[in-house]
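Engineer: Sequence:
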Amino acid sequence: MPGRRLDRLHIQTEHGRTRFVGSRWWREWCFFRTALAHFRVRLLLMVLIVATGALIFRIYHAPERLSLWEAVYYSWSLVFGEPPERFPESWAIRPLFFLMPVLGLTIIIEGIVDFSLMLRDRRRYERSWCRTMATSMHDHVVLVGLGRLGYRVFKLLRKLGEAVVVFERDANNQFLEDVRRDGSPLFIGDARREALLEEANIRKAKSIILATDDDLANLEIALDARHLVPELPVVMRMFDQNIADKVGDAFDIHLAMSQSAISAPSFTMAAVDRSIEYSFAIDDRLVVMQRWQVCNGGPMCGRKVGDLMTEHGIGVVRRKSKDGSRLFPGPETVLEPGDELLVEGEYTALTALARRLRQET
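Going letter by letter, the sequence shown gives residues 30 to 390 in this note's numbering.
Heads up, some of the hints might be wrong.
To be verified - Label pairs and their computed distance ranges (CB to CB):
| hint | residue 1 | residue 2 | range |
| --- | --- | --- | --- |
| 1 | R94 | G212 | 28 to 38 Å |
| 2 | C324 | F296 | 28 to 38 Å |
| 3 | N325 | G359 | 32 to 42 Å |
Unchecked claim - Straight-line Cα separation of at most 30 Å, BS3-like style, residue types lysine-lysine; simulated pairs:
| hint | residue 1 | residue 2 |
| --- | --- | --- |
| 4 | K233 | K188 |
| 5 | K184 | K233 |
| 6 | K188 | K235 |
| 7 | K184 | K349 |
| 8 | K351 | K333 |
| 9 | K349 | K333 |
| 10 | K184 | K235 |
| 11 | K188 | K349 |
Simulated from the structure, these hints should not be mistaken for laboratory data. The beta-carbon is built from N, C-alpha and C at its ideal position, and this holds for glycine as well.
Generate the whole structure from the sequences, applying the supplied hints.
Structural biologist: Take a look at the structure:
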């Protein structure tokens with residue numbers, strides 16, 4: 030059945046779809062920005078200590094007056110416990126020889142230890158790191174819910190080359206590590222909080238997909254997202270198709286669907302006819318994909334693909350012949366004996382045509 034194994038899909042995205050956003054270098058750059066933001070207080074304190082020391086050296090140093098860079102060098106050297114000169118006679122400079130090494134080395138050593146822990150266990154700062162990545166994105170997809178449906182959606186979006194920001198409420202979800210290995214921003218928390226949607230840069234997102242198994246939560250997040258970005262396309266999963274239809278109409282949700290409503294035609298038709306590969310409903314019509322065999326001397330042998338569309342309203346999705354397999358063969362393609370076709374059309378039309386073809390064979 031089509032779509033059964035998403036990991037086997039071969040998808041070639043448009044040239045230029047590959048972006049710097051999402052690459053390893055981009056993620057490392059975001060991590061560097063996160064680390065810089067984390068250590069900015071320490072950096073400011075170090076700058077303040079060095080600047081204060083340089084100012085005191087420049088004003089009170091005797092017998093000669095130091096230049097600006099000389100004063101900075103003296104102050105910087107003193108931070109590391111390396112006195113730039115013998116113990117001074119100035120009462121204003123003497124305290125620096127005791128205080129600056131203690132203050133400076135404390136900040137530096139604490140920063141080195143903290144940075145080492147940060148490199149060793151990046152997950153401690155995952156929230157800040159992911160927030161930095163998300164704020165650098167635009168035209169991305171926000172995916173809420175990483176269950177089996179959400180994970181399949183995530184894998185397909187990544188195969189399509191789309192940047193994705195993921196929300197998952199369960200910190201023990203089995204698919205979290207796959208998202209982390211992919212490098213996509215991951216937020217562990219309840220997306221019903223508008224602050225989290227803001228952190229995911231929802232205002233610059235292309236769309237939002239709500240794939241949790243909680244209908245009320247999906248609806249609440251959809252309304253929050255629309256409140257923040259009124260024109261944002263929303264794709265929402267709902268288990269009750271009647272409610273899904275009403276929500277889609279009432280709140281102008283881009284697409285609200287019930288998983289059972291999607292699966293029911295496939296389950297039913299697979300039981301009715303083994304030759305049917307896939308089925309789905311469009312409006313009030315049942316559309317199926319069915320395998321057909323071109324027999325030698327049969328009514329389809331020697332006909333063109335375009336004839337099926339023109340005369341019967343049936344499309345050929347795939348043609349397997351001795352020369353190989355091709356999706357959507359051209360209308361001038363001539364059908365030969367032994368060809369295996371995957372045709373698509375309305376179920377009643379396909380059934381009627383198949384019955385007629387069997388009678389003519």
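Engineer: Of all the hints given earlier, name the ones this structure violates by number, lowest first.
Structural biologist: Hints 1 and 3 contradicted; others consistent.
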